[in-house]
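Chains as they are written, first to last, in my numbering: chain H, 1 to 404; chain F, 1 to 88.
Hints in this document: simulated from the structure, not taken from any laboratory. Do not take every clue at face value.
For lysine to aspartate or glutamate, the following EDC-like pairs were computed, each having C-alpha atoms within a straight-line distance of at most 16 Å [unchecked claim]:
#	chain 1	residue 1	chain 2	residue 2
1	H	K380	H	D351
2	H	K126	F	E47
3	H	K126	F	E78
4	F	K6	F	E78
5	H	K126	F	E46
Small disclaimer: the values here were computed from a predicted structure and weren't measured.
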Amino acid sequence: MTRRVVITGQGAICALGHTAPAIVSAMMEGTCGIGSLDFPNVDRLSIQIGGQVQGFDPTQHFTRSQLALFDPFTQFAVLSAQEAMAQSGVILTDELSLKTGVILGSAGGGLQTQDENYRTVYEEGKNRVHPFVVPRLMMNAASSQVSMIFGARGPCFTVATACASSNHAMGQAFQMIRSGAADVMITGGSDSMLCFGGIKAWEGLRVMSADGCRPFCASRNGMVQGEGAAVFVFEDLDHARARGATILAEVAGFSMTADAGDIVVPNQDGAARAMRGALADGGIDAAQIGYVNAHGTATTVNDRTEVAALRSALGSAAESVAVSSTKSMHGHIMGGTGAVELLSCIAAVKDGHLAPTVNHRTPDPDCDLDIVANIARDVKVDVAISNAFAFGGLNAVIALRRFL
Amino acid sequence: MSVSEKIREILAEQALLSASDVSSTATLEDLGIDSMGVVEVIFAIEEAFSIEVPFNANDPEASAFDVSSVQAITQAVEQLIAAQKPTG
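The shape of chain H in the complex, shown without the other chains (with noise of 0.2 Å):
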């Protein structure tokens, strides 16, 4: 029999706050994470907003020889793994850690190192850098860092689907508990391109918005970037079990396509063949489906496009389920966002609180879903689904199912 899959702890830091709890309850007041940006040159971009981590000190978190290896995407995925884990209570025996590995998703990996270095050496002329530019950048660097800290000795590498990376990365998890491969998961995704090599580069596509993060709204014109990471523990069902492990959510189902389209433009087609996949693969029926967890970029073709998928993978279910972006309030963490935004999945199914799509103010015909506008919402909900499109047509859907 098929072996099913649990989470037994969840750690993020994002511009919501420092931890799971504090990001969760900050969703559901429905917060607004985004502001102004805060880094050297952001005066020299078009785009000033964001979602930045604020009030984070690594040298309270860090040790020095850490902090030469860390970039931000490292640091975040770190503390979320270290909370996630805390929370899990699980122990890596020697002979677990061989069955025990790490999969994080990230878009950017060290993209501020490269920014920072790239600016010492043509911009101040110099000509050395700092010995650990390359193991501080590597898209790796966060997957092997957390693996070395927990002694995680079984599959470890890192995704890198843009915006789909946690949700590739943690359906990748997901599938090496049932197949056996591994009993224990750390698994999520971090990203931090809030630098202004990192903003510039996204004010080139001409899709970000100037004013705010308005998933479905008539008024959208564009999303807005945010840092951050979520992990969770990933778990064996009968592991979990046998060691008295507090269960957050079930992991039950995902499946991932690929537009083969086109390299920015989204796909209706390929973003509902990942939605109906993952229901096949959980056997999930479409009425069952309490909350969506929508990409819902607040780009003007995203979010029409996600809408009309929505009503093509649920069909008639389409109309009455709750739908929302937390990318309202904490900004596409890119690489990291699915990961973030698996958390509101498991508050829907745990604790039956939907968050909302804050910023929503006039509606759009062509998103007219139940977008829970502004204020969260309490409902039981049986199964969530976290959408995650990305560029290059990666399409990435994973079901979570409250776990009884």
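Following the hints, put chain F in place on chain H, whose structure we already have.
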């Protein structure tokens, strides 16, 4: 600050010690500085004295730069300062 004082300061910072705990006869191993730490120390020395240090982490023994003790490092740096124009 003399070359010797500056080097002891760099090593102390790397080893999380105070400079007075860094004796001239100590080896990097005595100070608890591992191979990654050595590379950071070399970087800090290059930055502090605006010199290029010939050091290959693949084979530290074969490098022209002697890192066998605090004193050896100090002498090597003094020679490099004398031999090289500041590179900025």
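The hints, checked one at a time:
no.	hint	result
1	H:K380 x H:D351	holds, 8 Å
2	H:K126 x F:E47	holds, 10 Å
3	H:K126 x F:E78	violated, 22 Å
4	F:K6 x F:E78	holds, 12 Å
5	H:K126 x F:E46	holds, 12 Å
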